[in-house]
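Here is how the chains run, residue by residue.
Number of protein chains: 2
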Amino acid sequence: MKKEILLTPGPSQVPPQVAAAGAVPIIHHRTKEFMEVFGRLIEGMKKVYGTQGDAFILGSSGTGAMETCVVNALSPGDRVVIGITGKFGERFSLMCKAWGVEVVELVREWGHIVTPEELTETLSKEKDIKAVFITHSETSTGIMHPIDKLGPIVDEYGALFIVDSVSALGGLEMRMDDWKVDMVASGSQKALMLPPGLSFVGVRGEKAWKAIEASKIPKFYFDLKKYKKSIMKSGDTPFTIPVSLCLSLDESLKMILGEGLESVYARHKKMSAATQAGIKALGLKLFSDHLSYVESVFTVPEGIDGGKLVKVMTDKYGARVSGGQEPYKGKIVRIAHMGYVTHHDVLLAMTSLEMALSEMGFKVELGAGTKAAEEVFLS
Amino acid sequence: MKKEILLTPGPSQVPPQVAAAGAVPIIHHRTKEFMEVFGRLIEGMKKVYGTQGDAFILGSSGTGAMETCVVNALSPGDRVVIGITGKFGERFSLMCKAWGVEVVELVREWGHIVTPEELTETLSKEKDIKAVFITHSETSTGIMHPIDKLGPIVDEYGALFIVDSVSALGGLEMRMDDWKVDMVASGSQKALMLPPGLSFVGVRGEKAWKAIEASKIPKFYFDLKKYKKSIMKSGDTPFTIPVSLCLSLDESLKMILGEGLESVYARHKKMSAATQAGIKALGLKLFSDHLSYVESVFTVPEGIDGGKLVKVMTDKYGARVSGGQEPYKGKIVRIAHMGYVTHHDVLLAMTSLEMALSEMGFKVELGAGTKAAEEVFLS
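If you read the sequences in order, they're chains A and B. Per the working numbering, the very first residue in the first sequence carries number 78; after that it's consecutive. Per the working numbering, the very first residue in the second sequence carries number 78; after that it's consecutive.
It should be emphasised that the hints constitute simulated quantities derived from the structure, not laboratory data. Watch out, some of these pointers could steer you wrong.
Intra- or inter-copy, both count: the list cannot distinguish identical chains.
Claimed, not checked - Below, simulated EDC-like cross-link-like pairs (lysine to aspartate or glutamate); rule was C-alpha separation at most 16 Å, straight line:
1. Lys79 to Glu336
2. Lys174 to Asp300
3. Lys80 to Glu110
4. Lys207 to Asp232
5. Lys109 to Asp392
6. Lys388 to Glu110
7. Lys310 to Asp225
8. Lys80 to Glu379
9. Lys346 to Glu451
10. Lys310 to Glu403
11. Lys79 to Glu110
12. Lys331 to Asp205
Keep in mind the model is a prediction, meaning the values are calculated, not measured.
Hey, can you work out the whole structure from these sequences and the hints?
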């Protein structure tokens with residue numbers, strides 16, 4: 078018999094009731110029954126985005142939502158600033174370049190962030206910046222950006238602020254209106270507790286819509302004007318939406334909004350604090366000083382094979398975690414705690430880590446990680 | 078108590094075992110476990126496409142797969158011929174124009190098709206045609222095109238043959254290699270018996286890949302070269318695929334390939350013949366001489382309110398069918414029989430139709446429709 082818990086930075090665990098909601102007999106998407114659900118989803122997503130503006134639901138991965146932001150807000154020849162702090166910042170840059178957008182790359186070493194001061198410095202030097210792209214939670218390194226502090230700076234310089242919150246939304250606080258974030262791209266299989274297949278785009282208001290109206294990049298499936306028109310006209314989507322995943326979203330939003338967004342964010346902070354305390358208590362080093370609340374990352378200690386550590390934790394001890402990507406392959410371990418996660422998951426991550434390290438010959442006090450995590454949960 | 082059967086041209090009914098397969102605890106998409114499933118899906122889809130070439134699985138609606146064909150095969154300034162026989166042919170044209178492709182529109186009245194003779198005539202007159210776009214089954218009118226006859230003609234003129242088989246694949250025969258079809262776009266929520274959210278693109282071989290290599294349209298999420306590279310390198314997709322829908326597809330392909338493609342196609346023909354016989358026996362007129370095997374469409378008789386007929390059949394008698402779109406709103410009724418459909422469904426469609434017509438004052442012999450359909454099933 079084997080039990081495994083999924084602690085990867087997406088897909089994340091799907092609550093059984095959310096999965097079950099998507100497995101009922103399929104309904105047609107142009108019915109009153111579905112429209113009612115869909116209207117509720119839009120309103121729910123606007124709450125999660127913290128906006129009075131628009132929330133769009135698309136059928137794609139999170140990358141599709143990122144592309145939607147790029148091809149709707151920009152035109153070839155535009156200049157943008159992109160914070161690159163890992164694999165997903167890089168993806169925004171590759172996309173922009175694909176459409177002939179000139180990119181000023183703010184590259185930071187993996188594990189680091191773009192600080193408000195650094196962004197101010199760049200914006201004060203660079204001319205004609207149309208938009209600034211930042212990754213909310215960069216899952217390749219585990220860091221998070223202070224979107225609340227960056228938003229007002231970007232706004233001051235008159236640029237659009239476009240945020241990849243694919244892995245953060247629903248786990249980290251987002252207040253598009255208060256923080257002046259113009260567009261946010263998100264995915265379903267992270268803190269929103271769904272299988273992959275839905276993506277989301279939040280649009281704050283006039284500043285973004287002016288850019289969308291002016292955009293000269295051709296598009297069809299990801300054309301936000303089509304989605305807006307369809308919502309206004311008939312309350313639905315221009316193209317068939319993944320109906321079963323929408324029914325699941327209805328259930329997961331009920332859970333998230335029922336728990337209360339503030340409480341959901343506090344829970345993620347707690348999971349993060351407990352996981353980090355456990356990691357440190359085992360004598361391991363956190364990979365960054367800027368770790369987000371949805372993912373804890375530590376550096377693989379000298380003499381330990383990082384790939385093997387992930388494998389032992391996953392295959393033998395049943396906590397599926399992720400290793401590093403690209404330059405950090407084998408060098409870091411990523412334990413996600415996004416969405417459907419409680420102290421059960423964090424404590425089983427700790428026990429798996431302790432046993433795996435012990436078995437691999439790393440000097441570790443069994444129980445020290447769980448003790449430290451439990452102390453956080455009891456505090 | 079109410080029971081309803083879904084007989085709309087997408088979404089179509091999802092077998093309970095297919096829905097259940099997607100509701101198991103989510104697995105990670107970069108695992109050996111999922112790769113095994115995914116490899117099987119690719120091989121299964123190649124069989125359904127009738128190609129030794131490539132089958133790609135994307136996370137989007139069928140429209141996303143259509144866009145994938147357009148943006149990968151073409152460049153701005155290319156000239157193409159598009160058969161427009163309804164709403165979905167029109168969609169290909171709108172897309173091509175969005176990307177600066179010059180479109181020769183072969184427009185036919187709704188209910189008609191582009192014949193092999195007409196296509197030959199057009200291709201012999203027009204110069205420098207890069208591609209021909211045809212809708213396999215046009216769900217807005219119910220017609221189907223003879224892809225087997227059109228393919229060799231297009232090939233003779235050296236153009237790419239690109240087919241929208243969103244609503245046909247898995248219900249109507251497709252032999253990409255034998256019929257010289259270069260690219261085919263399909264969706265999950267039709268004859269493939271899944272919820273919406275997955276789409277598919279078949280690519281036959283060198284001719285298509287040469288065009289893909291030469292394409293100058295910028296793209297990212299729908300870039301087939303990224304998908305090909307990812308499959309070759311690691312057997313998976315460049316972006317997170319809808320995992321739960323893939324698990325469902327594994328189950329539906331097991332059903333389809335288990336029944337045998339020939340038998341599946343024969344079943345669709347039988348459903349079509351029975352439905353059409355029933356419709357005619359009730360004194361109604363079929364909308365077209367070219368109706369496909371996945372959908373039967375009839376003209377609403379004089380004096381009957383077409384919108385109300387659909388509503389009564391659906392809401393009162395529990396057979397959810399579709400009315401007409403755009404110019405044919407209220408004028409036709411569309412009964413789909415794609416995918417998870419047996420004589421149960423066809424006979425309940427007939428009984429609902431008989432009772433609805435009778436109730437609305439149309440002179441109809443109760444039982445005449447079912448009798449005619451039963452005779453087909455017994456033959």
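Task: Ascending list of hint numbers which this structure does not respect - done: Checked against the structure, the hints that fail are numbers 1, 7, 8, 12, while the rest are satisfied.
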